Amino acid sequence: MTPISRGFSGRHRPVADASRIPPGQYLTPDFPVLSAGPTPHTPLDEWSFAIDGAIDERPAWSWTEFIDLPAETFTTDIHCVTKWSKLDTSWRGVPIDALLAGVVSEARYLTAWSDGGYTTNLALADVTGGRAWVAYEFGGEPLEAEHGGPARLLVPHLYFWKSAKWVRGLTLTEDDEPGFWEGYGYHNHGDPWLEQRYQGD
Amino acid sequence: MAGAALPGRLSWQVTRVLELVEETPQATTIVLEAPDWPGYRAGQHIDVRLTAEDGYQAQRSYSIASAPEDPHLALTVERIADGEVSPYLLDELRAGDELELRGPIGGYFAWDGSLGGPLMLLAGGSGVVPLRSMLRHHAAAADSVPVRLLYSSRAWEEVIYRDELRRLGDGGSDSPTVEFTLTRAWPADWDGHRGRIDRALLAEVCWAPADRPLIYICGPNGFVETAAATMVQLGHEPQRIRTERFGPSGT
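Quick mapping for you: the protein sequence lines, in order, are chains R and H. Counting from 1, one number per residue, gives the positions in the first sequence under the numbering used here. Counting from 1, one number per residue, gives the positions in the second sequence under the numbering used here.
Calculated directly from the structure, the hints in this document are not laboratory data. Just to be clear, a hint being listed does not mean it is correct.
Derived DEER-like restraints, expressed as beta-carbon distance ranges [claimed, not checked]: (1) Pro209(H) to Gly130(R): 37 to 47 Å; (2) Tyr56(H) to His189(R): 25 to 35 Å; (3) Asp36(H) to Gly102(R): 48 to 58 Å; (4) Leu20(H) to Pro70(R): 49 to 59 Å; (5) His157(R) to Gly172(H): 29 to 39 Å; (6) Arg166(H) to Arg20(R): 43 to 53 Å; (7) Ala52(H) to Gly130(R): 32 to 42 Å.
To be clear about the criterion: a stretch of chain H counts as covered by chain R if any three or more of its residues have a C-beta under 8 Å from a C-beta of chain R, and this derived list gives those stretches [unchecked claim]: (8) 104-111; (9) 139-153; (10) 235-241.
Everything numeric in this text was worked out from a predicted model, so none of it was measured. Heads up, the beta-carbon is just placed ideally off N, CA and C, and yes, glycines get one too.
One chain only, chain R, in its complex shape (with noise of 0.2 Å):
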């Protein structure tokens, strides 16, 4: 039985948009910044972007070549794990999608990993039909190092971990492998609808 906080009245209800506000979470102006380690600052001639594992062709990219991939704008909310939500950010980057056109596999599952040791796990079905991108831009400016800057995973419709900062590379696999937060506990799938912030939500 949840009790009732005495005193509680709860000040920051969301009023407007509040059918964008997923269970638990609450809006900010701010964009925080969450990360395990330092920020890794790896220079844009020496970054690269590679699709790895159950594959039998290995496409990579250079930067330049990566930027020069048909790109998307597009605006979206993000939903944290830690509570926050923010609404109508804006993106540039490239879809999934075209990453991922000709390459043959049966894998049903992938692993982002980016520079600093950070990995991800994610269905391929999660990142596909449109809603996952590499981004480089946010609101229109190159993406800061903070913030997962040169370049990061965006699957908006999952918590924010799942959007993995610095990535470098999507590892296909047949099995779903838990990265780096899922094997602390986090939630393997992270529907910030369903509040599916820890295992077993």
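Please arrange chain H on chain R, whose structure you already have, making use of the hints.
Below, chain H without anything else, positioned relative to chain R:
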């Protein structure tokens, strides 16, 4: 739901407030009676959930301030101006009240003796809370790993756990080294460091990279970003640096 714990599931639990300890004018420690609490590692955090009479709920995460060996679970909460949950916890909550929480959460920003050391702790403001849990655990376990804390605050009045930390640092040659830096105001007899952390201060206070300290940095994002980047520039391995950040980005 409380009490109906599924294996591996973090269920909400109803705890009872035993005591509120004012650490500074802006930070209070909440000591809790949590009989069904599953235990935790030093450095982990929990989620608190408040429920209004009409069912509206708000959740926030707070670091655990106590050590696993302590008799009671404790949180230290700093007031966030204009916040929704922290002002309630500091102004309304009373001993005897119920408080709903679940956890422990996290596990990377956690320390126990099996991880070894030397253990270098860098705190900015209320970022000292999970590091105090580690210090208490280190003391309770009588761990021989050498440990140093460098704690940056604006003023002495804002230093959380200041008496406890001073005592800890005065315990003799085997005790932790505890150093403070104050950035805005200094007591007349201040003999600690002055100013924000920078390369010179970190080089002076921290072990050399060759000693391969295990480094935990917690505080506002600006503090953590500066401290972590400077430690990397000094030659420390990024993989030995664990960070926890809180608060708005300030941009």
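Which numbered hints are broken by the structure, listed smallest first?
The structure breaks hints 5, 9; every other hint is satisfied.
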